[in-house]
Amino acid sequence: MSIASVRYATLDAGRSYWGLLAVLAGMTLVGLAGFLHLEHEGHWITGMNNQVVWGIPHVFAVFLIVAASGALNVASIASVFGQVTYKPLARLSGLLAAGLLIGGLAILVLDLGRPDRLIVAMTYYNFKSIFAWNIFLYTGLLAVIALYMFVLFQPAFARWTRAAGILALLWRLVLTTGTGAIFGFLVARQGYDAAIMAPLFIIMSFSFGTAVFMLVLTAAGRGSGRVLGDALLFRLKNLLAIFVSAVLYFVLAYHITNLYATEHHGYEAFILNFESLYSKLFWIGQVGFGSLVPLALFYAPRTRTCRISTHVGAGLVILGGLIQMYVIIIGGQAYPLVLFPGMEESSSFYDGVIASYVPSIWEFLLGFTGVAIGLIVVVAGLGALGILPEDLSDPKPAS
Amino acid sequence: MSLDLTRREFLQGAGAAGALTLAPGVFLYAKDPEVPVTDAVRWGLLVDTRLCQEDCDACVEACNEEHNLEDLGRPETDAQWIRKLTVRDPLGGRTISLPMMCQHCENPPCVDVCPTGASFRRIDGIVLVDKHTCIGCRYCMMACPYKARSFIHENLTEQLPHAPRGKGCVESCTMCVHKVDAGENTTACAEACHKDGHQAILFGDLNDPDSEISKRIREFGATQIRADLGLNTGVRYQNL
Chain A
0 MSIASVRYAT
10 LDAGRSYWGL
20 LAVLAGMTLV
30 GLAGFLHLEH
40 EGHWITGMNN
50 QVVWGIPHVF
60 AVFLIVAASG
70 ALNVASIASV
80 FGQVTYKPLA
90 RLSGLLAAGL
100 LIGGLAILVL
110 DLGRPDRLIV
120 AMTYYNFKSI
130 FAWNIFLYTG
140 LLAVIALYMF
150 VLFQPAFARW
160 TRAAGILALL
170 WRLVLTTGTG
180 AIFGFLVARQ
190 GYDAAIMAPL
200 FIIMSFSFGT
210 AVFMLVLTAA
220 GRGSGRVLGD
230 ALLFRLKNLL
240 AIFVSAVLYF
250 VLAYHITNLY
260 ATEHHGYEAF
270 ILNFESLYSK
280 LFWIGQVGFG
290 SLVPLALFYA
300 PRTRTCRIST
310 HVGAGLVILG
320 GLIQMYVIII
330 GGQAYPLVLF
340 PGMEESSSFY
350 DGVIASYVPS
360 IWEFLLGFTG
370 VAIGLIVVVA
380 GLGALGILPE
390 DLSDPKPAS
Chain B
0 MSLDLTRREF
10 LQGAGAAGAL
20 TLAPGVFLYA
30 KDPEVPVTDA
40 VRWGLLVDTR
50 LCQEDCDACV
60 EACNEEHNLE
70 DLGRPETDAQ
80 WIRKLTVRDP
90 LGGRTISLPM
100 MCQHCENPPC
110 VDVCPTGASF
120 RRIDGIVLVD
130 KHTCIGCRYC
140 MMACPYKARS
150 FIHENLTEQL
160 PHAPRGKGCV
170 ESCTMCVHKV
180 DAGENTTACA
190 EACHKDGHQA
200 ILFGDLNDPD
210 SEISKRIREF
220 GATQIRADLG
230 LNTGVRYQNL
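Just so you know, the protein sequences line up as chains A and B, in that order.
For the first sequence, numbering that gives the first Met the number 0 gives the first residue as 0, with consecutive numbering after it.
For the second sequence, numbering that gives the first Met the number 0 gives the first residue as 0, with consecutive numbering after it.
Since the hints were made in silico from the structure, they are not lab data.
Heads up, a few of these hints could be off.
Per label pair, the in silico range of CB-to-CB distance [as the list claims (entries may be wrong)]:
#1 B/Leu-239 to A/His-254: 27 to 33 Å
#2 B/Ala-162 to A/Thr-9: 31 to 37 Å
#3 A/Glu-262 to B/Gly-196: 46 to 52 Å
#4 A/Ile-195 to B/Thr-94: 34 to 40 Å
#5 A/Val-22 to B/Ala-162: 31 to 37 Å
#6 B/Pro-74 to A/Phe-273: 28 to 34 Å
#7 A/Glu-262 to B/Ala-39: 46 to 52 Å
#8 B/Glu-69 to A/Val-22: 39 to 45 Å
These figures come from a predicted structure and were not determined experimentally.
Note that beta-carbon positions come from the ideal geometry of N, C-alpha and C, so glycine has one too.
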């Protein structure tokens, strides 16, 4: 499939297309109704409290934002590193990244205590805050993606494709660094305050984004009668396997470093000793089903060339990614702040005890709303623009 | 001078005039609102844990009353600006009790992370939240090493003019800034502790070498909680 000969086509806007959009719009409306209820009542109806201040909405939001950055992998490999195989998929890569990012940002905004003050967030900046920088990085990435897509769509600008791709690559690396730094910069929390958060989030983005891309590509292909070639799918799978392994490596480095320092032993026991909920989620969800099982599916001789196994593996990577976010975000808050190292603390404000957190339906609604909004962007984009190549099959060997 | 002066106007007038003598040796200084806050002072609190009684929460009650912090029966989401903390040394079992609140850091992590600048530190050392620009993101609560901040999880009624609060914003100890600016030279917690006869909490100007708080720190020393973080807290503790 040479890039010059690739022909793109919109999805046929048949009944199933509009049906899918209607379902997603319905999910969004239900979520927005939940949001209105939440804003009317206040956050006390959620599981979040003064101990665990960020909950399920943030798990979904950060996952989507990180995955958005990683969804651009294919674009980067195609446009920056010149891999011809991926070039026909660069448009989908850009569109998916934009959709995931918009979905994640929507959740963050809808969860604010004062979402009506979005204009304040856009007009008052404290440039020492990584949060403030991230507002620019997130909205900026949308602009960079728009520029990249424009270049892809305009043959006259084809010579700028690599430059736009490099800009997008650098931007998303900085963005994911900034997202990891939200946690890395928290000096007082036992589970955070670690420079490795930045590169960990970058490699997580590669993994989650590639997994989401694979499933969306397959779904879009199946929904539009295009058959995705084995070679392309398994090439993406091999890439994903490397990223999953790399995430495991960074997680290992993080915990090994913490285990070396006695001051972190309490937190490490909390995550690793298989007693707390977070520890079970870590071992069973993140490491087991989210990493080792996919790796086995991707590499085992009997399953490595099985399409179903590949898709199941990608789905498990996404599930494991959400669980990893849960362990990082919620687990990091549930573990008590240490005000007096070596002492036992107690108070009416839950000092010295593991904070409780029971997610509420309202929080899941916000999370699902973000996913639905992101998918609406993707589905609408696929219907309106020539994003998908007409032919996704493997190239025929030259005769 | 008109007879229907408000208390604030009266205090302002007195402040402009210099000082109002309430009783021999007791002066009331009122800050003229036209005069900016100055870094010539740094307000702070000194807590002597030996004088703090474990079964006493007069400071907490006074703070709740001063700022109308209600007990809504939901301890996980109810706001607490000050709490009594019990600290036990597992080696030997020595137990101390102390009030924990915003430590009014010189380098506050909450101010560093706030995206809109709503978390800010006045140059007289008091760390506050601008309720007009707080968007309720709660990043400051993630960053505070002292768990000093509360998010308002519900609608509030019957708020007090000097302590505006609202659903969806974050708040914490203001070091009774309304009292400080009115020249009362104390906080509700320090006042209550004094009234109860414990005198464990002392308010004063850390920059004034002649202030009682400075003298006591100079004489007996004082400790910062999580001093390793280098935040230079405005609340210091003795006999930890």
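We went through each hint and held it up to the structure:
1. A beta carbon spacing of about 32 Å between B/Leu-239 and A/His-254 agrees with the range 27 to 33 Å that was offered as a hint.
2. Between B/Ala-162 and A/Thr-9 the beta carbon distance is about 58 Å. The supplied range of 31 to 37 Å is therefore violated.
3. For A/Glu-262 and B/Gly-196, the Cβ-Cβ distance of about 39 Å falls outside the hinted range of 46 to 52 Å, so the restraint is violated.
4. In this structure the supplied range 34 to 40 Å holds for A/Ile-195 paired with B/Thr-94, their Cβ-Cβ distance being about 38 Å.
5. The given range of 31 to 37 Å is broken by A/Val-22 and B/Ala-162, whose C-beta atoms sit roughly 48 Å from each other.
6. The hinted range of 28 to 34 Å is satisfied by B/Pro-74 and A/Phe-273, whose Cβ atoms lie roughly 29 Å apart.
7. Distance hint check for A/Glu-262 and B/Ala-39: the Cβ-Cβ separation is about 39 Å, which falls outside the suggested range of 46 to 52 Å.
8. Under the hint 39 to 45 Å, the C-beta atoms of B/Glu-69 and A/Val-22, about 43 Å apart, fit the expected range.
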